[in-house]
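Chemist: Here are the chains, one letter per residue:
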Amino acid sequence: MLLRELSIGGVFISPMLLFTLVSLVISALLRTMMHKAGLTRWVWQEAWFDVSLFVIVLAVVTYLSSHVL
Amino acid sequence: MRTIIRVFVTLVLAAIAIALGVWLWQYYMYTPWTRDARVRADIVTIAPDVSGWVMDLDAHDNQQVKAGDVLFTVNHKRYEAAVRQAEATLANRQYSFQLSEHEYERRRNLGSNAISTEDRETARLNAQIAKAQRDLAQAQLDSAKIDLERSVVTSPVDGSVINLQLRQGNYVSQGSAQMSIVRDGSFYITAYFEETKIPSIDIGDSASLWLMGGDQEMKGHVVSIGRGIANTNTTPDGQLLPQVQQTFTWVRLSQRIPVDIAIDHIPDGVYLSSGMTASVRINDQHRKDEGVDGVRPQGMGNGGEQARDPDIPPAVTDSAKRQTP
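So the protein lines, in turn, are chains V and X.
Going by this note's numbering, the residue at position 1 of the first sequence is 1; the numbering climbs one at a time, nothing skipped.
Remember, this note's numbering sits 1000 above the position in the second sequence when you count from 1.
To be clear, the hints were calculated from the coordinates, so they are not data collected in a lab.
These numbers come from a predicted model, not from an experiment.
Glycine is no exception: its CB is placed at the ideal position from the N, C-alpha and C atoms.
Hints may be right or wrong, so weigh each one.
Said to hold, decoys possible - Derived lysine to any residue pairs resembling SDA-like cross-links, with alpha carbons at most 20 Å apart:
no.: 1; chain 1: X; residue 1: K1219; chain 2: X; residue 2: G1204
no.: 2; chain 1: V; residue 1: K36; chain 2: X; residue 2: R1006
no.: 3; chain 1: X; residue 1: K1197; chain 2: X; residue 2: M1029
no.: 4; chain 1: V; residue 1: K36; chain 2: X; residue 2: G1204
no.: 5; chain 1: X; residue 1: K1197; chain 2: V; residue 2: S14
no.: 6; chain 1: X; residue 1: K1197; chain 2: V; residue 2: S66
no.: 7; chain 1: X; residue 1: K1197; chain 2: V; residue 2: M16
no.: 8; chain 1: X; residue 1: K1219; chain 2: X; residue 2: H1265
no.: 9; chain 1: V; residue 1: K36; chain 2: X; residue 2: V1009
no.: 10; chain 1: X; residue 1: K1145; chain 2: X; residue 2: M1055
no.: 11; chain 1: X; residue 1: K1219; chain 2: V; residue 2: K36
no.: 12; chain 1: V; residue 1: K36; chain 2: V; residue 2: A47
no.: 13; chain 1: X; residue 1: K1131; chain 2: X; residue 2: R1120
no.: 14; chain 1: X; residue 1: K1197; chain 2: V; residue 2: P15
no.: 15; chain 1: X; residue 1: K1219; chain 2: V; residue 2: S66
As the list claims (entries may be wrong) - Pulled a few chain X residues facing chain V out of the computed Cβ check, cut under 8 Å:
no.: 16; residue: V1009
no.: 17; residue: Y1028
no.: 18; residue: R1035
Bound-form chain V, shown alone:
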């Protein structure tokens, strides 16, 4: 898909908005799964962990969207 603007009803928005939304959903899912699996006990500062997880997912989503799709 590469970097290009998205058209939603004639309004053009940055692709980063879409990437951010997708990443939010994915990191929320990952977080829930970790809770279920009990992996959160290996986490020291949960807030740091959450932010880091989101940034990593966002970078991966951006990379995949540009280089794979």
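Model the placement of chain X on the given structure of chain V, informed by the hints.
Modeler: Just chain X, lined up with the frame of chain V:
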């Protein structure tokens, strides 16, 4: 022990996040892509070479025309009369010339006690003057014929008529543009890239293009990068002092530089109009393979190393040549 692992895991993850965050910023800010690109084409404005009212209007709006097709005809009664007048003048001058020539011939053969040298010289010069007058009349006739010929305005190129406001019976003046023609196959894209992204663009780089209306990707390549944009700091005021802008200590906006991109391939069903908005992304993949610095000699990539496609409009190629010093 467990606490150490917990701290370690979190810190490692944070470090990875910072690294990826920096990459993401670089990627988003410096990848050469822009949404500010416009489709452009070679526009030819059509102006009549003679004045008069429009007798016949053959062109209609958005019509496809071939080079040489008649667009409109200016009333040519006056130009016909002018040709007849010029013809008559020419005949007149022709006979005057013959007359003075015969006079001179006769006087030349008279003995020196029958005619003075001065009279003979005058006769010779009179013949020369009559000859020049005749040549002048001939040139005026040629000019009148050109005027008559140009009362029929034809299209100089293949293309489509744009924004035809002219109506039959309108009075048109010499040199005033009456319509424009978009030359067929001359479409190209001008993308306005922020100056921060210009270093990663090179002449010859391939580009992906999308029109605002439509998801089909077009392929192109960079043919030239603009060599200048206006600088507001150099505009003089009424006293010819330069109007230098205030300083913006924190925020400085990047200028945008026009980059011309030739369209190599237009997929079926894509309709191009000059002025359409497009998104452009420059693919600099091949430059990464070449080396880290990516510096290429000036003027390289005029299309020389590209496989030439017959669809590339020659006009764009021309502008690329012009751009190279």
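Chemist: Check each numbered hint from earlier against the structure, then list the numbers of those it violates in ascending order.
Modeler: Hints 4, 11 are the ones this structure does not satisfy, whereas the remaining hints hold.
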